[in-house]
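Peer 1: Here's the letter readout for the chains.
There are 2 protein chains.
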Amino acid sequence: MSSVKRVYTFGDKKAEGNGKMRELLGGKGANLAEMNLVGLPVPPGFTITTDVCTEYYKYGREKVIEMIRADVENAIKGVEKLTGMTFGDDKSPLLVSVRSGARASMPGMMDTILNLGMNDDAVEAMAARTGNARFAWDSYRRFVQMYGDVVLGMKPANKEDQDPFEEIIDEMKEERGVKNDTELTTDDLKELVVKFKAAVKAQTGEDFPVNPWDQLWGAICAVFGSWMNERAILYRKLNNIPAEWGTAVNVQAMVFGNMGDDSATGVAFTRDAATGENIFNGEYLINAQGEDVVAGIRTPQQITIEGSRRWAAAQNISEEERVAKYPSLEETMPEAYAELNMIQDKLEKYFTDMQDLEFIIQNGKLWMLQTRNGKRTGAAMVKIAMDMLAEGLIDEKTAVLRCEPEKLDELLHPVFDKKAIKNAKVIVKGLPASPGAATGPVVFFADDVATNFEETGIRAILVRVETSPEDLKGMLDAAGILTARGGMTSHAAVVARGMGKCCVSGAGELKIDYKKRTIEIGDIKIKQGDWISLNGSTGEVYLGQVATRAANMSGDFAKLMDLTSKYAHMKVRANADTPKDAAQAFEFGAEGIGLCRTEHMFFDGDRITTMREMILAKNEEGRRAALAKLLPMQREDFMGLFRAMKGHPVTVRLLDPPLHEFVPHFEKEQKELAEELGISFEEVRERVESLQEVNPMLGLRGCRLGNTNPEITEMQARAIIEAAMNVRAEGTPVHVEIMVPLVGNHKELRYQKNIIDSVAEQVFAERNDRIDYMVGTMIEVPRAAVTANQIAEVAEFFSFGTNDLTQMTLGFSRDDIGKFLPTYLDKGIIKADPFRVLDQNGVGQLVREGVFKGRGTRPNLKCGICGEHGGEPSSVEFCHYAGLNYVSCSPFRVPIARLAAAHAAIKAEIKSKNE
Amino acid sequence: MSSVKRVYTFGDKKAEGNGKMRELLGGKGANLAEMNLVGLPVPPGFTITTDVCTEYYKYGREKVIEMIRADVENAIKGVEKLTGMTFGDDKSPLLVSVRSGARASMPGMMDTILNLGMNDDAVEAMAARTGNARFAWDSYRRFVQMYGDVVLGMKPANKEDQDPFEEIIDEMKEERGVKNDTELTTDDLKELVVKFKAAVKAQTGEDFPVNPWDQLWGAICAVFGSWMNERAILYRKLNNIPAEWGTAVNVQAMVFGNMGDDSATGVAFTRDAATGENIFNGEYLINAQGEDVVAGIRTPQQITIEGSRRWAAAQNISEEERVAKYPSLEETMPEAYAELNMIQDKLEKYFTDMQDLEFIIQNGKLWMLQTRNGKRTGAAMVKIAMDMLAEGLIDEKTAVLRCEPEKLDELLHPVFDKKAIKNAKVIVKGLPASPGAATGPVVFFADDVATNFEETGIRAILVRVETSPEDLKGMLDAAGILTARGGMTSHAAVVARGMGKCCVSGAGELKIDYKKRTIEIGDIKIKQGDWISLNGSTGEVYLGQVATRAANMSGDFAKLMDLTSKYAHMKVRANADTPKDAAQAFEFGAEGIGLCRTEHMFFDGDRITTMREMILAKNEEGRRAALAKLLPMQREDFMGLFRAMKGHPVTVRLLDPPLHEFVPHFEKEQKELAEELGISFEEVRERVESLQEVNPMLGLRGCRLGNTNPEITEMQARAIIEAAMNVRAEGTPVHVEIMVPLVGNHKELRYQKNIIDSVAEQVFAERNDRIDYMVGTMIEVPRAAVTANQIAEVAEFFSFGTNDLTQMTLGFSRDDIGKFLPTYLDKGIIKADPFRVLDQNGVGQLVREGVFKGRGTRPNLKCGICGEHGGEPSSVEFCHYAGLNYVSCSPFRVPIARLAAAHAAIKAEIKSKNE
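Those protein sequence lines, which keep their order, are chains A and B.
Residues 0 to 914 (numbering that gives the first Met the number 0) make up the first sequence, in order.
Residues 0 to 914 (numbering that gives the first Met the number 0) make up the second sequence, in order.
None of these hints come from the bench; they were simulated from the model.
These numbers were taken from a predicted model, which means no experiment stands behind them.
Don't take every hint at face value.
A pair holds if it fits inside one copy or across any two, identical chains being indistinguishable in the list.
Said to hold, decoys possible - Using 16 Å as the maximum straight-line C-alpha spacing, the simulated EDC-like pairs for lysine to aspartate or glutamate come out as follows:
| id | residue 1 | residue 2 |
| --- | --- | --- |
| 1 | 406 | 620 |
| 2 | 236 | 756 |
| 3 | 428 | 276 |
| 4 | 912 | 186 |
| 5 | 406 | 334 |
| 6 | 4 | 79 |
| 7 | 348 | 213 |
| 8 | 628 | 729 |
| 9 | 818 | 688 |
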């Protein structure tokens, strides 16, 4: 057994392990080793392997301690040597951190324990060295508290009580008459330590361990013990992580930036994280702890002279004052700075990416605590990738992979002005339903949006409990949309994303009173005309007007898009219902329309009345009369789409939603409609009632409409074919795909195709000319995926409608999911809203099955996706692997989908090379 | 080409073809050949093969006629020889029928043409031979009409008009001032023939063919032509029948039972079709046509002397009068009778089943027109099968297969008295939702059922627009249930079937006025207290009281059930929610409870108030308080179930339906509830509203309830475990299976199982004792089937909930399907209501996938089905092939399911032997 290596040391730019040994050293241990090997001055330490964890459960605590005692003692000696401090020493005590580290980070396991080695001697030594007794004692009482909770298992007396240590603090604060922990004095903290220890003794019957070695063994074993606590076990069960994996333990020397004026702490970026500019930058504080830099009590100083000067200029601070009060690190500690600068350069080249560094200078010596790829804005992301490509640091594929598709969104929508937003007051938070920023006066009815605009020239914010297709026109004219109900795929959310319009949905705290035209949120009352602002990217709603600025698409953006076209295999189409949407999509590089929802054409102006006339007709004859009026309108719309797409494929879906979505549900409007149509109010009411369904999502809609009322399909088929022939006659090529929705059975499609074909032949005969068209179907009912082999006998293309497919496969109504989704996300039962991120394991299997079976029948079957998932990067990647020919999404998601498609192709290529 | 045989003759107990040659001769042609080979005196004729149909489309009409002319002429000569008549003769003209006959019977193809060969000469000859000029001329005008429509393609002048011949008849009837065709005289019919021919000439420009050979070639080619008509093509497309199959043409001599007093026509059964008694029986008429026997104008006479005497006794007719007026065939035509009797005996032995015969005696010669297995009542079916088994005619397996599972239903429910029902007036027809017969006074509210019973001792018929769980108690006490809305799987239908209670659902013509307590159906008005009667087996509703008689289960029934147990592989369980249901199920042979819907226990008496208190509670504490009250009630129910099932498995499903099903939706009841619970009405109303969902079927229900409110699962788990331990302590063995509903994701089940296990351990600790139990899940969300491998890691058994699985896989809400199901059935888009008959191709694939994947993880996984399909025979057969261990159905369907399970096993055995 002694031949097995159980402890791996690191430090002084050397390490016994390396970055690839995640299985043995855990993720954290492997990283620490790798940072040393790269040449960073990392606080030294060691990792106890995951195998020891397994041995811990096999042989027990005592035996395992014996097995690793010598190695751990040697490793601590090594750390002492490198730091010049001694574990357990009363003058220059070595303090260490102890952390767990499994292969993958895993909630439920032990937190970090800091400052281990602390005791009555060490605290005095630390007070002396830092000249900050309060800090030393605060560190001490925190250590006792953390160690007491985590290692010694201190528990509240009753289930309802809070942490026993917090209770002691609260008592003391009450005695002292203070509110915050920070108001406690050094003496108070000393008293706390005494009381904490007494509490430990009272509950555990044992003295708090003062011997650092006892502390260390306790902490190491606590990490192993936490591997088998209830939460960790449950997490593993849910995520199929075998118990045999075990966790490693990382022990590392503490370093401090508050050891005097030759000490400092700071963070730095190798490039500008906001703009992407290629300049080294960052902030630091002398004689401070890490948290001081971000706490805002002291003003952090810039690292470089150049950065410092820029900063001073922006603050109207003279060079003199700057040098006196806010000198850069380059000026105050030139040696440490030089080393840091060298390191940052080396790291960026090593990782070939912008790095975010944390460092501490302890008594003049630089320690790197962390380096990682730096977070950045969308704009910086694109610029850095394109710059690094130009610099030859990375190749084209890497440059593409460096850009996260989702972050492109920031570049496509207006955003709030940075300064303005700082002072804005968040009054409520909903779901970030459609990104961007919007500000405007509140209105409550779709009509009022137009009225307001006509009267004032200002676009309003439309606030509704939820929106319906009747609100479409108002939504189009609004600055943004806010709803109290509905999720990420509610009507408001879907339509707004399609329009590229800012929307916050499902802000449940809003109490909307349509009659009084007011909103209440707790104490806040907002009336019609009051200004609010929406952040569609975060879901935040602000009181008042917050300035916005338009999206800025730099030349780098265009370069990136060119690269995506070069590498993506899948085409990207847009879901667009109007010529305007289509034009926008075309501008964003859409290579066709994957979904035109014809029903959206029925809400404009007089059309809705004609549509209602059709729905309320008593018989086929009456329906046909109304449809005849709709025909020219639809034809005109289709012509606009065909013109906009210039020969790219246009997939037109036949009427899909249940008819009750088109009829008015309130008495007043029903009476108006009755008058308009010259029928009785009772007749209207009865017909509307008869359209009600218990589960409309599973009712009379989709091709079930066209199969029970074939005249609807006849009209739509005629409008499409005639439009296509008209546009071709104008000299523009057309590519027509007619899509039948909600097919679950090949016979349903056969009936619809028969109607379409026969109408087409009629039109051809009338015009003595022909045009090519394809008839295909949505695969959105699970049965369609399961029987795709039969359906492909009729269908000439498939388009996976993953919104409905998700609803039916999971049995989740997207309108009702809000009642349990938060709980499910909280508990980790599901990882993401399945209407946003495709459920690859469930719905995805049906997509794969559909493609596989469909192509079994028709080998070259064109397959695409037109659900909301078509614009979500991980889902797009899945579509690539599922063998789809294209994805289709909202126009504003097209660039994101293009980038995601390129990612998928490049990753697949890399993967296949590695296999 | 001349070496190919294209025409197959039959007659005189000889045939060139045989019963196995369906591909070449079509179904009908093969049968005619076989009947000859069996030795029946069948009117002679011939079959032109299906290959000729193919040649017809390859070579064209003229060429094909040349190819078969000689063979057809020879075949006609053969028929002439056997019948002693001559085709085209003016004294003894041979008339023939011409029929199409494909491999499988196929709607859309040509109908039969009778009396071909008829012309001005033949009609006179026939009038002379039959002594019935009117009959001869009526046959003639019918022939011209049929031939004109079918062969000559006569069409109405305008699309809206009716058949041109019918128009001529109508004109004439108007001229003559008569209403019915039968009132037209022989001269009128003569005039019609002239006018018909003139109409043909006017529209087609050609004379009506008088030459029988022209007629024959026209008819043969019309059959071939009909193979490619629009309806036939569509039918083939929908049913995947290749066009290459083609149709055969059958030409057969006409024979007549009205050729004088030595002629007769009749039908006969080899055993009694009503009782199953083994006596030859039937009816005949001298000098009559087939339709006269059933038309009721003349009283048909009995075939056997014994039958004749029995009949006379029942009619109070003396033997003297009988012999004089109604002699049997045995007496009037002893020779023909002797031959018929010999044939019937031979046929029953040949087919080893009760035969239904049609015969004609033409001038003393017996001709058999048809023999087929006779239809019979459920009782006769069982008796005949058991008798034939005892007689050694068939073996056990055949006897089992002879009994149709679905027909067993007749034996299990009360039925209407046969005589009483004859005079009953059908006022409306709904869906046959739950079989049986019921009669009683109408009431409209569940409460009134009990009140009525208490006051009058009479069980009422509960009439509702639709029922809800609140009506449960009333339904249980009612004689039967009638609803205006809802399909075969509506609440009313499902619950009634479960109770074995007669129910007619979805009688859409009912206008129910709850306020006035009346029903209107057209002109008929029924008020509370008026009697109506329901036929749950046909869906018919009668006005007034119709006498019923109780089900009669003979000893043969028990014998049959024993045989099913001997041969079935699958076990049959029952869906039962109460100890009473469970006892009934046990009596019918259920081997366990496959589904106990715990929610049904929440509606009884005070429980619903406590349940509502739980639902309306503001927080977990309130919910727990209410649940604590429900616990002892649930425990008591479960104890009853465990006792009733005596150690057989009992599968208890945790709470499933959306909570809004438990709360009152009308103001009055909401106010009452508010008072009862001591909270405000507004609070009740708001909470009820907040429970509303857009698509409740896909909302917060099933395990989503238990995962958002774990305290519900805790209570139910405790009630189950405690009940099981209590009953075991009484000395009764128990077998506990806890079932988690609506799981779509293995983590959902994991959470629920954790709760159940931890409650169980608590109970075990409290009692210092343990009991075995299993935790499994419904597979009813498509995702569960698709990810069954993961789910089986947690689930210890699967039960396929095919009701919900059908809803989600097909996207059909069972509450809304009525809007398009009739159209879909009409058009043949689907073949049966998928909530009644399992959709094997769609839903069935998911069941197979679920079983396959589940057993991949857990090889011995017990799999069952507990949807409504568990009692439907074709679905049960599917379950056998899918490898399920059991099916579970309503108690009253248990015998049916047992028989179906035996069928499946026997058929599978036969199939595997044949492979």
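Peer 1: Give a verdict on every hint.
Peer 2: Going down the list of hints, with the structure as the test:
1. 406 to 620: neither (53 Å within a copy, 44 Å between copies)
2. 236 to 756: between (54 Å within a copy, 15 Å between copies)
3. 428 to 276: neither (33 Å within a copy, 80 Å between copies)
4. 912 to 186: Close neither inside one copy (65 Å) nor across copies (94 Å); limit 16 Å.
5. 406 to 334: Close neither inside one copy (38 Å) nor across copies (98 Å); limit 16 Å.
6. 4 to 79: The answer is neither: 21 Å in one copy and 106 Å across copies each exceed 16 Å.
7. 348 to 213: neither (43 Å within a copy, 97 Å between copies)
8. 628 to 729: neither (24 Å within a copy, 77 Å between copies)
9. 818 to 688: between (27 Å within a copy, 13 Å between copies)
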